[in-house]
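Sequences and hints are given; from them, build the entire structure.
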Amino acid sequence: MTTTTERVSTRTPAVPARSRRKPNWNLVLRIVLLMIAAVLTLGPVMWTLSTSLRSPSESFKLPPSFFPWNPDFTSYAQVFRQVDIVLLVLNSALVTGLIAVGQMVTAAMAGYAFANLKFRGRGALFSIVLATMMVPLQVTIVPVFMLIRGMGLSDTLLALILPAIPTAFGTFLMRQYFMGLPTDLAEAASIDGASPWRTFRSVYAPLAIPGMAIVGILAFNFHWNEFFRPLIMTISEQNFTLPLGLVSLQGNLGTGSISVVLAGVVLSMIPALVVFIFGQRVLQDGLTAGSGK
Amino acid sequence: MSTTIPRRERPKQPAKAAKPGTPATSQTAYGRHSQRWLAWIFLAPTILGMGLFTLVPIAASVVLAFFRWDIISAPTFVGFDNFAEVVQDPTVRVSFLNTIAFVIVAVALQLGLALALAVMVQEKMPAWLRTFFRSAFFFPLILSAASVSIFMRYLFNEQFGVVNWFLSLAGIPAVPWLTTPGGSAAVVILVYVWQNFGFSFLLFIGGLASIPVETYEAAALDGATGWRKHVYVTLPLLSPTTLLASVMAIISALQVFDQTYVLTRGGPGDSTRTAVMVIFESAFQRLEFGEASAIGVILTLIIMAITAAQFRLSKRFVFYQ
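Residue numbers (my numbering), protein chains in the order written: chain A, 1 to 293; chain B, 1 to 321.
The hints are simulated quantities; they were obtained by calculation from the structure and are not laboratory data. We put the CB at the ideal spot given by N, CA and C, even for glycine. Please note that a few of the clues may not be correct.
Just the calculated beta-carbon pair ranges, DEER-fashion [said to hold, decoys possible]:
no., chain 1, residue 1, chain 2, residue 2, range
1, B, Gly267, A, Trp197, 52 to 62 Å
2, B, Ala84, A, Arg81, 51 to 61 Å
3, A, Ile128, B, Ile41, 15 to 25 Å
4, A, Ile209, B, Gln88, 47 to 57 Å
5, B, Glu85, A, Ala131, 21 to 31 Å
6, B, Ile41, A, Arg81, 44 to 54 Å
7, A, Arg149, B, Thr76, 18 to 28 Å
One side of the interface only, derived from the structure: several residues of chain B facing chain A at Cβ under 10 Å [to be verified]:
no., residue
8, Ala145
9, Ala146
10, Ser147
11, Ser149
Keeping only pairs whose Cα atoms sit at most 25 Å apart, straight-line, the calculated SDA-like set for lysine to any residue is [as the list claims (entries may be wrong)]:
no., chain 1, residue 1, chain 2, residue 2
12, B, Lys315, A, Ala131
13, A, Lys118, B, Ile47
14, A, Lys118, A, Ala188
15, B, Lys124, A, Asp285
16, B, Lys124, B, Leu221
17, B, Lys124, A, Ala37
18, B, Lys315, B, Gly112
19, A, Lys118, A, Arg198
20, B, Lys124, A, Asn24
21, A, Lys118, B, Trp40
22, B, Lys315, A, Met134
23, B, Lys124, A, Leu40
24, B, Lys124, A, Met35
25, A, Lys118, B, Pro45
26, A, Lys118, B, Gly51
27, B, Lys124, A, Val32
Set out below in structure tokens:
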């Protein structure tokens, strides 16, 4: 017990003691290298933002002016004229929102069943669920495409939503989450005469909201950015999602200006950025969840 | 947790303390029957959905690989013909070789970069700086690979791209990034690694945090400092994380598609055509669904073999504390 608490409190491995007066050249060198890496990581995005704020005629100019001193929003206006970006955003929001809510609800239910309820074949069924995580999407896409056609759903938004709702990773995450909750609660509820359903609805489901938030944010981040499935499942532009619409915008503008395309890219990043700002910690934990030894 | 509560304040010990890792179940008073019903109702959406959209498609994919089918006319059974054709098709061969080369280079860069940066961030530094670096390296993960590829195409443009402008400052002549086989392969790798190294970085940060401080203190007493500390302490103790990070990085790199599709469409020639791209093209552009399924089955077998090999090799190189 004591060792674990110490481990948590001192997050940094001890660095060999150095004298306080001399500058720590090791630290300085590390920070310089990390800064270079950070600039290379963030630079392309900053560059995209700055180019999108330049007037179309200026966007080709080299040497480039790094800071848009006179921000010019004509490219943004142009994006709205060139493509139905409102429709793209609505489609993306609808698809992503319904997938996220669907995953949160179904993963919570399945996770609860795997963690807290006893039934025959639980272990085997859970192994199958985990195994589906390893199957690459590209292997199943042809039959799924035909299935969607057979259901009469081809070229609809439902074709994107329905197959994405059952989630192995979300189920796994929610099972871990429910297993982390104290079991005494179920006992207490049953002593008070609550049925298993009542126990879930009134005791466990409210406690699971943070776990469901992780599933929802991960689903949002993944499906907002998804390209491969929309490319295959949708044909008409009225059913395109944002990434697909942007790529087609790039095609339409063979002779157009860079800044218009980049303005579209920047617009598409805004929701992802909002999720990043508010859910960064949740996203980081969610992405690496289950990777502990 | 439980040790912090003094014993006498507890009303009573739980009848059966659940072992960590075992889910709590039948200590409750209500009957097994109602639990079972509820379980199946709760599982129904997930199980039915996975059956319909994953398990049945896997089986269908394997069956389809033995048929010739263009959706319009009836499928005809062709035995192993699809596999034979696919194996002999030069485009398919090149694209599988490209994929393997891509995986080796991209994963090595991604893991090396992520490990180096994670070690540098984890050592002593102000907390706000550490938070800044973590967020910066994580940031590309939230963007869509399609958008990233769109703006990277402009950054790497030969005439007016800012990458070549920077290189020109160093006296390097303009590099034809996207019009030569080598150049476009390099761009695909750079863009992919740029966007994905943050994920391995996060895994390594988690792994490093779980190495006890005492290990480093003991190593320091034995005279291990600087590089030796990392070679003899960090690397061996981090090997489980490295295994996990490499398995995940390889599986995801094998499926690369968005970047190659948007950046290069597989070209010039077949230089950046990947396995997934060939599946996409044969199914949805040439309507050869049987052939596409055969390529998919081969890709899955390769992924399974690599994963199994990694876990077997890891028995020799991975140390658990």
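(request) Please name the hints from earlier in the document that this structure breaks, with their numbers sorted from lowest to highest. (result) none
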